[in-house]
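From just these sequences and the hints, can you work out the full model?
Take the sequence shown: its position 35, counting from 1, is numbered 55 in my numbering, and each next residue is one higher.
It is possible that some hints are incorrect.
Once the Cα atoms are required to be at most 16 Å apart in a straight line, the calculated EDC-like pairs of lysine to aspartate or glutamate come out as [claimed, not checked]:
id, residue 1, residue 2
1, Lys90, Glu102
2, Lys110, Asp131
3, Lys151, Asp131
4, Lys90, Asp122
5, Lys119, Asp156
6, Lys72, Glu85
7, Lys147, Asp131
8, Lys149, Asp131
9, Lys115, Asp131
Don't read these hints as lab results, they were simulated from the structure.
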Amino acid sequence: MTDTISTRTGRSLASAWRAGAAAVLAVLLAAGTAACSGTGTATSSTANSGTKVRTITAVSAGAPEPFITKASDGSLYGQNIELTKAIFAKLPQYKLVWKTADFSAIYPGLDAGRYQMGVNNFSKTAKNKDKYLFSDPLY
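So this is what it looks like as structure tokens:
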């Protein structure tokens with residue numbers, strides 16, 4: 021008996037989640053780097069323990085399902101959203117704030133410092149690969 025479920029690519033679901041976690045962590049590192057270099061507008065405050073808490077604003081267009089879905093009340097859910105929330109739950113030095121925007125506004129928002137992190141399905145191209153840090157594909 022096994023607790024492993026295979027994905028269409030033959031990788032176990034656990035393997036896909038680990039890859040996803042690594043992907044989001046790569047984006048978090050990029051967000052932290054941008055925030056520390058002063059290129060973003062991440063805010064910080066001091067938590068009760070005296071630890072400095074940095075607010076990271078993540079943006080998503082709210083699609084495609086099932087990775088990201090925007091509910092009728094405006095909240096976001098789906099694999100990418102839940103994975104990002106789970107990672108931030110383990111990082112008390114960060115507070116995650118979600119925003120939604122049209123997909124076409126995500127890159128300009130990152131460039132302007134309105135957001136420190138984009139959570140969506142992005143294509144890595146020759147034009148943008150040197151400007152942004154991308155996660156590895158899940159499949």
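Each hint, compared with the structure:
1. Lys90 <-> Glu102: holds (13 Å)
2. Lys110 <-> Asp131: Violated, because 27 Å separates the two Cα atoms, which is more than 16 Å.
3. Lys151 <-> Asp131: holds (9 Å)
4. Lys90 <-> Asp122: holds (12 Å)
5. Lys119 <-> Asp156: Between Lys119 and Asp156 the Cα gap is close to 23 Å, so the pair fails against 16 Å, i.e. violated.
6. Lys72 <-> Glu85: violated (35 Å)
7. Lys147 <-> Asp131: holds (14 Å)
8. Lys149 <-> Asp131: holds (14 Å)
9. Lys115 <-> Asp131: Roughly 21 Å between the alpha carbons, so the hint for Lys115 and Asp131 is violated.
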